[in-house]
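**Student:** In our numbering, the protein residues as written are 1 to 119.
Where hints are given, some of them may not hold.
Unchecked claim - DSSO-like, lysine-lysine: derived pairs with alpha carbons at most 30 angstroms apart:
| # | residue 1 | residue 2 |
| --- | --- | --- |
| 1 | K70 | K36 |
| 2 | K29 | K70 |
| 3 | K70 | K32 |
What the hints assert, rightly or not - Cβ-Cβ distance ranges computed for the label pairs, FRET-style:
| # | residue 1 | residue 2 | range |
| --- | --- | --- | --- |
| 4 | G27 | V104 | 17 to 27 angstroms |
| 5 | G115 | I64 | 13 to 23 angstroms |
| 6 | T91 | L114 | 27 to 37 angstroms |
| 7 | G105 | G52 | 15 to 25 angstroms |
In case anyone wonders, no lab produced these hints; they're calculated from the structure.
All C-beta atoms, glycine included, are put in the ideal place defined by N, C-alpha and C.
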Amino acid sequence: MPEIFQDPKKIEYRIENENWKLCTSCGEKITKEEWKTSVDGAYIHNFINPLGIEFRILTFSQAIGITWQKDSYQEHTWFPGFAWRIGSCSTCGSHLGWNFESAVGSSSFLGLILGRITS
Numbered sequence: 001m002p003e004i005f006q007d008p009k010k011i012e013y014r015i016e017n018e019n020w021k022l023c024t025s026c027g028e029k030i031t032k033e034e035w036k037t038s039v040d041g042a043y044i045h046n047f048i049n050p051l052g053i054e055f056r057i058l059t060f061s062q063a064i065g066i067t068w069q070k071d072s073y074q075e076h077t078w079f080p081g082f083a084w085r086i087g088s089c090s091t092c093g094s095h096l097g098w099n100f101e102s103a104v105g106s107s108s109f110l111g112l113i114l115g116r117i118t119s
């Protein structure tokens, strides 16, 4: 029976990259599965914005590869007491979700759009 040897660097690379959630438009690394966080007792949330567009978001504590809009807004927030700002992929500019920051600035989380990030 032949021996099968795998390059440890290839195995390490594959394992390292399996945890990343990527921008579906360009493949940029965005967040990791282990960075997901529960908000109001859930990790997945469904919302409809004032224009009638439905979003399913996943909540995370952190992300990389996202450029956040400078201004934040409290109008039409999905999470009372939290202001939001839009986040786009730093590489391709695709809208990926929102950063929600508490009004007192003590906590924040990210709501990333299911379907715009993938593993």
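**Student:** Each hint needs a verdict: does it hold in this structure or not?
**Tutor:** Structure-based check of all given hints:
1. Our distance criterion of 30 angstroms between C-alpha atoms is met by K70 and K36, whose separation comes to about 24 angstroms.
2. Of the supplied pair hints, the one linking K29 and K70 holds, its CA atoms being roughly 22 angstroms apart against a limit of 30 angstroms.
3. Simply put, K70 and K32 have alpha-carbon atoms about 24 angstroms apart, close enough for the 30 angstroms limit, and the pair holds.
4. A beta carbon spacing of about 37 angstroms between G27 and V104 contradicts the range 17 to 27 angstroms that was offered as a hint.
5. Taken as a hint, the range 13 to 23 angstroms holds for the pair G115 and I64, whose Cβ atoms sit roughly 20 angstroms apart.
6. Under the hint 27 to 37 angstroms, the C-beta atoms of T91 and L114, about 20 angstroms apart, miss the expected range.
7. Between G105 and G52 the C-beta distance comes to about 31 angstroms, which lies outside the given range of 15 to 25 angstroms.
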